[in-house]
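Can you join these two chains into the complex? Each is in its own frame, and there are hints to help.
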Amino acid sequence: MESAKRADLVRKIIIYVILVIMAFIMLVPFAWMILTAVKTNQESISVNPFYIFPQSGWHWENFAEVWKSYNFLVLYKNTLLMIFFRVVCACLTATMAGYAFGRLKFPGKKVMFALVLIQMMIPAQIFIIPQYLMVSSLGWLNTVAGLVFPGLVTAFGTYLLKTGYEGLPKDLEEAAAIDGCNVGQRFLHIMMPLTKSSMVSLGIFTALFAFKDLMWPMIVCTNSATTTLSAGLAKMQGQYGSDYPTMMASAVLAVIPMIVIYVIFQKQFVEGIATSGGKL
Amino acid sequence: MKKSKMTARAKNEAIWAWCFILPTILGLVILNFYPVFNTIYQSFCKTGDFGRGNVFVGLANYQAVLTAGETWHSLWNTIKYAIIEVPFGVIIAMVLAVFLNKKLKGTSVFRTIFFLPMVCAPAAVAMVWKWLYNQQFGLINNIFHTNVAWISDPKIAWISIGVIGVWSVIGYNMVLFISGLQEIPGDYYEAASIDGATGVKQFFHITVPLLSPTTFFIVQTRLIGALTIFDLMFMVMDKTNLALENTQSIVYLFYTYAFTNGNKGYGATIVIVLVVFIMLVTVIMQQVEKKLVYHP
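Read top to bottom, the protein sequences are chains A and B. The numbering of the first sequence is numbering that gives the first Met the number 0, which starts it at 0 and goes up by one. The numbering of the second sequence is numbering that gives the first Met the number 0, which starts it at 0 and goes up by one.
Calculated directly from the structure, the hints in this document are not laboratory data. For every residue, glycine included, the Cβ atom is placed at its ideal position computed from N, Cα and C. One or more of the hints may lead you astray.
Claimed, not checked - Derived coverage of chain A by chain B (criterion: at least 3 residues anywhere in the stretch with Cβ under 8 angstroms from a Cβ of chain B; other residues may be distant):
1) 35-41
2) 59-71
3) 122-135
4) 163-175
5) 262-272
Chain B with its partners taken away, still in its complex shape (with noise of 0.2 angstroms):
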């Protein structure tokens, strides 16, 4: 038998695989990968009606998007979202995992609770939440009998968002530790407890570095979660607000520009800016994992 030849077995069960990809592959090519390759085309074009008649104009749309003040504003204050919501989520998530962790009553309720933002529509809660925050009628201003324009003062704005979520994003992170730490061995515990180590000790001499991978994982998906976040600046942040300029992400100036104002070109090659840009960050996660991520 010739090698390159293969036997009949093998060859049905080629097909067999062939036929079973099919649709997925088609689907990935045809809604993933040729839209890949559009968009960068896009960026080079002036988008005439309904996308037909693109005009080659070359490298114009990107002069006029990394010329633009607002693009690297809103860049920045995407940057600035995802500093409040990845450490503080991941921390605040971890804490609460491993006191869940314990064989304590009533751990269950707990988590269905902490967990419960994660099966709300972003857009109702970011609606709830500007009502919180109504400096007027709200209920943290009226309980709290302060007078701060939470969403409207480009100083603090960003921070109110940023708050809205963390809040949203701890029982998602949380149910991630637990089932990481599910994974570290009892005996590890056991062993610190006969040496001495407490609590706090344990929790940083043994959670935390055997959790390390956990860790990562989450915060590389959340990174990159916070980076393209778009719901909540857009539920919270009417057109007219003072602090839009502040607050609004990258992703939603590309909203702006390819959907509201119909500039598809624009909107493209804002799109390739935030992919250059989560792309450099990939790199940079990974070689912060060579580094922190402890493995045994």
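Next comes chain A alone, as it looks inside the complex (with noise of 0.2 angstroms):
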């Protein structure tokens, strides 16, 4: 008996040993982005010695000169707004057709719904080119609106809200049936609501998709004062490369907001991946 408990124990710390060399890794770039945000240019050169920590004091002001001089107010702006309008269109077609797909039955449904898991399936790379073509002969290049256009519907969140609305009770909805709800009011006061966690999740789900992808602003929004934080990063990167403080100053700032939103959200966060198990 001794012995078994001896080696629960050793089997815990193994356990805890492995955990926290594993958080370390995993921490480190964070640290090292922060420390050698708040250096001064020269210390963050500066091999012989090597400093982990800065040496004159922790140059906070470096993220406000950041802020002002590469624009972030608006960096930051055009990515809300992107993603206010990507999640609010998604979840708002997605659990309209998800009800459909999930509680009617209609002539035509099998086909439909095929189309919806064919999309699924197609690697995204393809649409790029003709949706940007479409941008542009619509004159919205450099503007919100195109920066949220592919994102308008989404075959991946109908499919996530038809399955939440199949796993619904039935005699539900046939009560207000009998009652004389049409389907527009059995949806809207009935059905929806029941669905808040799939909502939950495709939300977050495009969120954090649109907040992470860089090709799409960058074809669209190559003005620095229209694009995402994305974007405006591989820009800066690209014409200030060597000014280490000023460039992990900037990576600060285009991380700190999620991390923000996440920490505080984290349940929803780990349930919405989870449950929707979408590829980011």
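Listed below in structure tokens is the structure:
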């Protein structure tokens, strides 16, 4: 008994050691990003001696300078607007279509749902050139509309919401139908509120996907006043790649909002990813 | 009542349903299905400015793309990236998930940390890693007193980029594994403990087979994700980097031709090659699934 307990303890210690090492590896890039961001340029490229911590105090003002000189307010605004409209469009269209596919009978259902499934299997790169040409001929280059464009509807979200609606009990809706509610009322007042968790999953997934996307904003918003955080970073790196504190300060500014949101809504994030399981 | 005629109620329901699916279907047709055919069409054309004045050139683009060494090279680079990211990302995540699924103290803190890279823009992640890898001033070389050209030595740059990929994706895979683990009934482990099976044995004889559907799902999504990788290569590799040729992925090549050089027809052809390749991989994966996934 005594030895079994000891073996258990040893096992626990080994597990903790591995977890701590992994956590350390995961955190080093973040720590180094922040430590570099608050150094002077001279300190950041000093090799002999090599400084881990800033020597002349922590220069938090680096952030203020980067904020001003690269117009981060505009990048935040563009990113936020793109995410907002994409989430609204995705949730709205997907919940309607998901309800129809999950709960209603209609001719053409199988074929139409096949379209949804097929879209999910096609690599998205094949859409990009024609989507770009459409945005371009609509005159939407360098606009929020252009950023939102490919995310107006979502096959993945439709599939996700359809699964959500299918899982709901039948009697609720039948009772409402007997009471004389039409399909629209049943959808709006009874069924839609019950799929809140699927909607949250889709919202988080859509927001993360839009936030992380690099290629599309680079293609449609080439102007640094109209682009997003991701694409803005790419631009900055191209122009000022060797000013390391500046680069790292901008990287911190670009990742901080989503990290804060994630830490606050952690449960929703983790559940959202686990249930949606989409390809990010 | 005739069989082919719908009742008023069914008709009403069908009208509602079509109204509900119409935005999505219209969107999919305009945003996705038309582009598929348009891309195929463009791959047979030499592209004029703004996609207008397409000149039909038949298979010329295909001949050019398929005979260009860089196409196959970048495809091979992409596979090499996947060979690092997918197995390591999956195995490390699985082990961590098993650890975090035990009722130990502090697991939620670890989970939060491991998941952090998932909420960061890859552009920022790549910038930070590029700085860590910096040959002269970077943290890694200065801490270990090495002088390795992590991202400009063609022989190791692809591994360095793969490491960034693994680091980025562990948390995401882990979360999916944890939710898969929670579906394995606890009785299996209790029975195994009574029979005297220890942790490691339990892991290989219960966890691995019962988790195999989840594992397969993750491998499949990650494989397709890895084969379409773009951001990391784009952000880490400068245009002047000596190792660019040995690391650029097929999607990077597509981006360069279609948007940097503005050669849409050639770019479209690269995409078609990519899509055919991914379809092949998907078919192979389905065969693998039949053989390897445990179906109780």
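Hint-by-hint comparison with the structure:
no.	hint	verdict
1	35-41	violated (count 1)
2	59-71	violated (count 0)
3	122-135	holds (count 13)
4	163-175	violated (count 0)
5	262-272	holds (count 5)
Hint violations for this structure: numbers 1, 2, 4, all remaining hints satisfied.
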